[in-house]
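Keeping the supplied structure of chain A fixed, place chains B, C and D with the ligands upon it in accordance with the hints.
Spelled out, the chains give:
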Amino acid sequence: MQHSQSSSSFSPDIFRDLYRIRRVEEEVARVYPTDRIKSPVHLSIGQEAISVAVCKPLRADDIVFLSYRSHAGYLAKGGDLRAMIAELYGKATGSAQGKGGSMHLVDVAHGVMGASAVVGTTIPHAIGYAYAMKVRREDRIVVCFFGDGATDEGVFDESLNFAALKRLPILFVCENNSYAIHTHQSQRHFVSNIAERARVRGIPSEVVEDDLAALLTRAEAAVAAVRRGEGPRFLECVTYRWKEHVGPGDDFHLGYRTRDEAEPWYARDAVRIAGDALDAAERQRIIDDVEKEIAEAFAFAEESPFPGKEELMKNVFAEARR
Amino acid sequence: MQHSQSSSSFSPDIFRDLYRIRRVEEEVARVYPTDRIKSPVHLSIGQEAISVAVCKPLRADDIVFLSYRSHAGYLAKGGDLRAMIAELYGKATGSAQGKGGSMHLVDVAHGVMGASAVVGTTIPHAIGYAYAMKVRREDRIVVCFFGDGATDEGVFDESLNFAALKRLPILFVCENNSYAIHTHQSQRHFVSNIAERARVRGIPSEVVEDDLAALLTRAEAAVAAVRRGEGPRFLECVTYRWKEHVGPGDDFHLGYRTRDEAEPWYARDAVRIAGDALDAAERQRIIDDVEKEIAEAFAFAEESPFPGKEELMKNVFAEARR
Amino acid sequence: MSAITRTISYVDAIREATDLEMARDEAVILFGLDVDDPKAIQGTTRGLLEKYGAERVFGTPLSEDAMTGAAIGMAMAGLRPIHVHIRMDFLLLCMNQLINIAAKAHYMYGAQVRVPLVVRSMIGRSWGQGAQHSQGLYSYFMHVPGMKVVAPTNPHDAKGTLIAAIRDDNPVMYVEHRFLHFQKGPVPEESYVVEPGRARVLEEGSDVTIVGISQALVESVRAARYLESVGVKAEIIDPIWLAPLDIDTIVESVKKTGALCVVDNGWTSCGAGAEIVARVIETIGAIQPIRVLRLGFAATTCPPTPSLEEHFYPNGQTIASAVYDLVSGQARGWMPDERADLKEIEFRGPF
Amino acid sequence: MSAITRTISYVDAIREATDLEMARDEAVILFGLDVDDPKAIQGTTRGLLEKYGAERVFGTPLSEDAMTGAAIGMAMAGLRPIHVHIRMDFLLLCMNQLINIAAKAHYMYGAQVRVPLVVRSMIGRSWGQGAQHSQGLYSYFMHVPGMKVVAPTNPHDAKGTLIAAIRDDNPVMYVEHRFLHFQKGPVPEESYVVEPGRARVLEEGSDVTIVGISQALVESVRAARYLESVGVKAEIIDPIWLAPLDIDTIVESVKKTGALCVVDNGWTSCGAGAEIVARVIETIGAIQPIRVLRLGFAATTCPPTPSLEEHFYPNGQTIASAVYDLVSGQARGWMPDERADLKEIEFRGPF
Ligand SMILES: Cc1ncc(C[n+]2csc(CCOP(=O)(O)OP(=O)(O)O)c2C)c(N)n1
Ligand SMILES: Cc1ncc(C[n+]2csc(CCOP(=O)(O)OP(=O)(O)O)c2C)c(N)n1
Ligand SMILES: [Mg+2]
Ligand SMILES: [Mg+2]
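Protein chains in written order, with my numbering: chain A, 1 to 322; chain B, 1 to 322; chain C, 1 to 351; chain D, 1 to 351.
Pulled out of the complex, with its shape left as it was, chain A reads as follows (with noise of 0.2 Å):
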């Protein structure tokens, strides 16, 4: 951490969380060789700062849906670690007892509602949540985070459409990484402008580069915004994955793209960017800190059992709770 681009200073809070983040998902990596790991890992290396960003503002009460790149937004909205690396594991302690897996996590509790493996799908169920705070009176607001390849599907116009028409409560995040799997994004749209295809529809929509004192002011506005009553708002947060598509290594050597387009990104890294912002003393306390929940973390899941065979059965259906 010798030198900083940026002259902003940050809270320790965003250190804290970027660093948690970061940390969390090198482990998951450094374990998966191992096969202890019993779920295929999206990881979200180096698109920490939007989900922390986006989630500062938030309130422990307003909900966030996730892709199965969800472990950066699932931790910055506040989702337990250890249900989490119980979850990845399979654990009966996990999240979803080892029903979900790691492309399914959820933590109702901390507002986290669920992430989805397919493609697109979960950003519908974010207007159908906010349209019920909306009905409700709530000041509560909803964040739907997707990546750039979730808008190809026509569910994510259909779902702007309903967003703007019922003015509804919620900030939409597109986390352009520019890649869907191996596919850039200059294959997949004849032109690149995905924020204005919300704004065609009337929402307020803003790209917002990779800077993280841009990422933390945008946010803010924008939650404040959606917040007053004002409808949907929509960020598209132009950002890179570091690291393959699925698992934990890099994937440079499959040629469709190149170190050197990486470097400039790994040059701007939030992490490390927050953590120059603070003195050294309070920074080692931090990753201290962070250091000892997530080895207990992975230790709760290493030590967690299996779920039982009677689970496979069980939760099918709901049971009638009135």
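Partner residues are not named here, just some residues of chain D that face chain C (Cβ under 8 Å, in silico):
no.	residue
1	Met95
2	Asn96
3	Gly130
4	Ser139
5	Tyr140
6	Ser269
7	Cys270
8	Gly273
9	Ala274
10	Glu275
11	Val277
12	Ala286
13	Gln288
14	Leu293
15	Ala299
16	Thr301
Since the hints were made in silico from the structure, they are not lab data.
All C-beta atoms, glycine included, are put in the ideal place defined by N, C-alpha and C.
Frame of chain A, contents of chains B, C and D with the ligands only:
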């Protein structure tokens, strides 16, 4: 046919095409209560000018795809009138031998590739067909007709994206009559700007008002551009459905729209305007011709046999032909 | 059970069930294309907009996929959405949300969420509806675990199963045949539920068990009248709920009759009838030979022309003819003449 | 039939079939998400982009619905599209185009159009794929008239059925299980077709007929080995094509054995097994008692954790155990120990 709002002169062909469609529809409406037509009918009355203007610059080997409100497009493109009426009657001589019905008109020999009852479904067929033309280096083009309601469906946006991306030889024509059944566009879209949604994809796009001369000019230009290989074009044609959504009658009694709303559209009736541009004798000759053709087509349908029971299980699968 | 004195239509039974539940529970919300338009979905939603307001009763854009997803999101938020489709065929636009999410959410999210969603879907017929306005695709929802499926055949059950569906914390596919909309029958004024997983033996008989699904039940009752004339006594079963399916009631009947005919309102291949036959045979096939027959849509696309459409659907006469062959163990070549007195079939209970 | 000397993998068999057909017929065109990416759909599309160019081999936006519609439009224009999906679960996004159009177009457009479309769809398993990356939904396509469905289980048939599918003038759903991708087996170098509607008796036996679908066939063969150890001789049938289904071959076998077990790679309710059972019983159920059993996915959402997933799928041992009970007519409580020598199961023909 007293006064004309437009001073343009229109060719006899235009009047013939417009008058022919109008009168076919009126005949369908007249016969409908007798139950001899065995299919729900979605009449084009009031919207004929769009089909006529757009099909005018087309070649016989160009292709159109239609929605269930297909009578005008089918006839304007040169679809066989007798086969159409026979199909409405459910007769063996119908375009689909009674197996399609009013909502699935087709006449491949004349470039009418088929209509569909599920809103929006033929839009992607049109892009696929255009893709085939493109890879075969043909100079044919595809025209895809659909209503404003179809633009609510995600498949519309997905299709625009692919057409733009692949620079397909396709002209999209949205017949915006403001209603999907009884629901006004303003109850379905926050902003009424369908043409903008194509433009944002990089597809040159324009709104064409309800004016026969404008329609003819704009359609001709758009068709020419597509044929020159300039990629897709989009026309949003503002129009009005005079009759009820499905069936032969008026529907002002339902209360979702008023006769006042309709009056200005009646006053701009393209059929009358095109007729007024002709001298009375010529007009009468066309009218006589068309009336004769229509009478014959209905007589043909009346006299044709119903398909025999053995037809039920025929053509479930296509037989090998090589 | 005490006699029910009031007679209303199937349409009114649906409307009343919705009304009662919306009054009882603020969380119940009703939407879908055209629910708020002048035709009010054949009248089934009439008056509800005025009574409950445009936030709880609203039409939607033509976006079946997103609106189904939105319904799921509303359900996760604690609302109890009823999503209406005027044609079951349109569900093919939202299968991803129904099968990949609605049916699975409770399980794959570790029981942290519930999806109390009712999907009302109508099956059409006649008047040249043809290929895309006629399909009875409920077997798609019977295939996937996590969904309930119901196809009430009379006003009493239309009301009672809809109330049960609305109160259920799971996604329920509620299937209505437009011909049944015109049925009238006795319906109690108060609230009641017709519980999932219980079939009804509508008529007792000893020679053959006929299970009729949705509108095919009405045709089965007609068939039973024709069959009487050749001395065949049919036991008629209305499964009501297709998932969970009350297979025990059907098995008990087949044990007695030794012959089973399922008359379906859809294609037979991998259809509801295939499931019923397979489960009966898994249970008692080893014990006794059983004559089995499935009837349903002809294995072709639905043609609109009446000269073909009449052969696409089984009817009272063709069912009677086929069942007579089944119980006879040979082709009899018997086809009854149409009886005018069977035009109107109404269920008077007991329920 | 002469012995085939070359051995290649299922993946290579698919690649070769595609290559041969693309070389033979300019109209054949290959697309779908990621067909042109470095992973080349498990290698099945490797090298084809380089050979046939980006107009005939291309990746697409994530727009399953529109791309399926586009495939239909291309087919109407005379191309012969192969549309690839790395997960069958994603087909739920394009059911409208597949069921409402592809299956119906030829009929409802009065035979004026043809839809020679091949949809390749992969079924996954294991490694925590879970709820939405594991479904074998082919019964949905068996339900609707107008579609053919094939699920080849070995490299020989993978090639021959794909060529047949590409040459067919109808929509064909081609189902590949990822476990089978690694299978190796004898495959002729030249072009050949494995025709629709013909099943294969893989092993003869007298005590029970086991029909195994897709990867479940491999498990069924394992089960047969276990069953030998308790003296049960199973006849193993690979239906290959699920629609049209060669029911005669299955019926002949069951006539002989008196017992039928269908092992499916999907849920049983309204599944392929239900259809096979129902058709067998419709044909011979009146003549003799028949023991019947369907095995398939547990009636629950697929859990990713291995401790549950292992109970979600039938395997050689559990199949053997259940079939032993079936032929015994009672619960035997027998479960064989896993045999290491059954890890690799390869088909060496005859074909
Ligand atoms: C509907 C659907 N189609 C295809 C896939 C396969 N797939 C998994 S992830 C992915 C790329 C999604 O890209 P994007 O939305 O940009 O998210 P990112 O992975 O970049 O975070 C694809 C195509 C899928 N899961 N769902
Ligand atoms: C996918 C789908 N949803 C709903 C319907 C019912 N429906 C039939 S026509 C129609 C309105 C379509 O409006 P528009 O596209 O504007 O065409 P118009 O009737 O005005 O020509 C609707 C909702 C349908 N046929 N298909
Ligand atoms: Mg991306
Ligand atoms: Mg309209």
